[in-house]
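Q: What follows is each chain in one-letter form.
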Amino acid sequence: MKKLLLLTVLALVVTVGSASAAYKVGVLSDLTGPTSSVGTPYAEGIKAYVSWLNENGGIGGEPIELIQVDYAYNVQQALAAYKRFTSSGIVAMQGWGTGDTEALVKFVAKDKIPVFSASYSAHLMDPQKAPYNFTAAADYSTMGRAGLNYLRETWKEARAPKLAFIFPDNPYGTAPIAAMKEYAKELGFEIVGQENVDLKAIDATPQLLSLKKAEPDFVWTGGTTPSTAVIMKDAQKLGMTCTFFSNIWSSDENIFKLAGDAANGHFGLQGAAIYGQPSPGMDLIRKLTKDEHQMTHYVRGFVSAMVMCEGMKMAKAAGEVTGESIKAALETMRDFDPMGLAPAISYFPDDHRPNLSVNVCTFKDGKLVFVKTAILERKKEWLGL
Amino acid sequence: MSMHKCGLFYTTYAREDGLFPSKFQKTCLALFLAAMLACPQFLDSYAVSVLNLILIAVIGAVSLNLLTGVCGQMSLGHGAFVGVGAYGAAIFSNMGAPFFLALLGGGAVAAMVGMVFGIPSLRLKGIYLAISTLAAQLILEYVFLHASSLTGGANGLPVDPPEILGFAFDTDARIFYLILAVAALCVLAVTNVTRTRHGRAFVAIRDYHQSAENVGVNLFAYKLQAFGLSSFLAGIAGGLWAHYTMYITPEQFSMGLSISYLAMIIIGGMGSVIGSIFGAIFITLLPELLNLLISALGGFAPDLSAIIVPMKEGVFGLMLVLFLIFEPEGLARKWRLTKAYWKLYPFAY
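Residue numbers (our numbering), protein chains in the order written: chain W, 1 to 385; chain Z, 1001 to 1349.
Since the hints were derived computationally from the structure, they do not count as laboratory data. Don't take each hint at face value.
[Claimed, not checked] The calculated SDA-like cross-link candidates involving lysine to any residue, where the alpha carbons are at most 20 angstroms apart (straight line), are:
#: 1; chain 1: W; residue 1: 200; chain 2: Z; residue 2: 1142
#: 2; chain 1: Z; residue 1: 1312; chain 2: W; residue 2: 67
#: 3; chain 1: W; residue 1: 110; chain 2: Z; residue 2: 1166
#: 4; chain 1: W; residue 1: 110; chain 2: Z; residue 2: 1047
#: 5; chain 1: W; residue 1: 24; chain 2: Z; residue 2: 1313
#: 6; chain 1: W; residue 1: 200; chain 2: Z; residue 2: 1255
#: 7; chain 1: W; residue 1: 110; chain 2: Z; residue 2: 1171
#: 8; chain 1: W; residue 1: 200; chain 2: Z; residue 2: 1313
#: 9; chain 1: W; residue 1: 47; chain 2: Z; residue 2: 1308
[Stated by the list, open to error] Which bits of chain Z does chain W cover? Going by a derived footprint, with three or more residues having C-beta under 8 angstroms, they are:
#: 10; segment: 1044 to 1054
#: 11; segment: 1073 to 1081
#: 12; segment: 1214 to 1226
Positions of the beta carbon are idealized from the N, C-alpha and C atoms, including for glycine.
Let the sequences and hints guide you as you build the complete structure.
A: Structure (structure tokens):
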């Protein structure tokens, strides 16, 4: 017990002792919890960009000090971590999941701390509801709509394409479904069914059997990479010929480890470039990572940090760097190109959707391959839905 | 030379039954409360927020302890009952009800829901009851997510910070006093319940249900009361949580929350109120201390902290296992032993 006490005191002394004049930014990461397999590369991306920036001028000469806390996807711990950030004087924060981002919406609005999260719920894009929340990729609903748009454009047959949905019955899974159904009808899809497959499922045969009868051409899978892999494998086993398209968290480079060749030919929607996809930013990442392959989540973390730092630079150019001035600066950002690593980003005072674009990717021979950036018009009525 | 009694001697049964039999205990409690009240003046908002989380966890743990530790009814749905209280209080509050009314309303809704899910307890015991309360957890999570018109569904429900007579409790320090007062009341209430006829009936049911029935304890009525009271307090904890975070979503009241409440009462010591408090403190502080340790190590040994981070969950689990093996009666027993040691110090004979 005494030792524990001693360690705590030691820890406090060290954390207090490391204070400096740098701009402090909190990084809330899941390194040990249920989403750690994607949370870790995302956090690595954030850290890589910031340490590169610190070596290359920082924010107008001032470095950024990152304070990273692992909250293991636990809302209580996220709240405590956030308080730790604010009492050490952060000006901005890099957040992570849906649960914690939403639990903090009102806190960050009150404390005026801009947050870049990796939770792309549509209602976080509405500044009236979440004034200090930003994201570096389009929301789940927009991604889904853009994916549908791409599928409709490439559909060659005369009949209406048949569409079905598979998603886990949780807040993250259900978020984009209503918006996608509405837009699918508008585009002339025929909706033939929907099923729930849990994130921890090890078998999706019953759900797929009932979908098989409806013979869908396209099936939306919103879940995680492991749950999507289960669906793809079982679909192959049942001899289904439909094409799956999955959202930003439902498929990544790991799909081949889990689903093997069952993944071939299906689509995945991403918010940032795939490692190796040529662009000035990718040259930098390749240099920083010494050509060691990184997941696309790493690239998205990199972009998220880059956009935040751009906002900080703009705030610095206009005067003092505070949470409030960073928010104001970000809202004047127009078509910022994150070194070609993601579609161009703009924020408006009444609209925090970064863009309405999504990178359509496909799975081919063990590789995630970029196909096309699908871009939608910025429609007012879609904001927050 | 004045003479002192060496020990506690009572002349009435009422005195012996008192909550704090000695002056020393009363002084200690008063000092402790004074220290708690002074806390926000000296601590930063991080430390105060951790205290807030601990106090909310204390209410949750003490209420689960009443049901599981005192009455012996296993519950895996406690997190969901906390959620019912949170949503109830948030909805009442958003309808314009004053804070305390909303809090009590949330507690009342949670009590009703808890009693409904407590009905199977007449027929089911032990692991079977655990599974039926697990069903409560899953059903309630489904309701939180799908009753969108009430709960906001996946988008969650915003709540305003509590306001009493025009005074807004909108900072950590302010709401700390509010939570502290409610938590103290809840702990006092549970302590007192265990000393009443009801409390003794709960213990009788836990120890052997047939004997309890033989001496005239109406099993069903008392089990339902245990479920109702426990869920009511859980609902109060939820209401405080909702008003503290100002935003609730279904994810906050998952299975994990139920498990962590169980862990609190197991580590603290089943059936002991002070044990539940220790358990709540321990389970809430452990991840914070591990995080502080890791960030401290990161300062001068980044490689080491990179190894320790993935081990964090393991450390947490290991702590639980070690506790079960070496201190099966929990922190409450450790506390008793420590007190006994100091009572006779330095002459332990």
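Q: Look at each hint and say if it fits the structure.
A: Structure-based check of all given hints:
| no. | hint | result |
| --- | --- | --- |
| 1 | W:200 - Z:1142 | holds, 17 angstroms |
| 2 | Z:1312 - W:67 | holds, 18 angstroms |
| 3 | W:110 - Z:1166 | holds, 18 angstroms |
| 4 | W:110 - Z:1047 | holds, 19 angstroms |
| 5 | W:24 - Z:1313 | violated, 27 angstroms |
| 6 | W:200 - Z:1255 | holds, 14 angstroms |
| 7 | W:110 - Z:1171 | holds, 10 angstroms |
| 8 | W:200 - Z:1313 | holds, 19 angstroms |
| 9 | W:47 - Z:1308 | holds, 18 angstroms |
| 10 | 1044 to 1054 | holds (count 8) |
| 11 | 1073 to 1081 | violated (count 0) |
| 12 | 1214 to 1226 | violated (count 0) |
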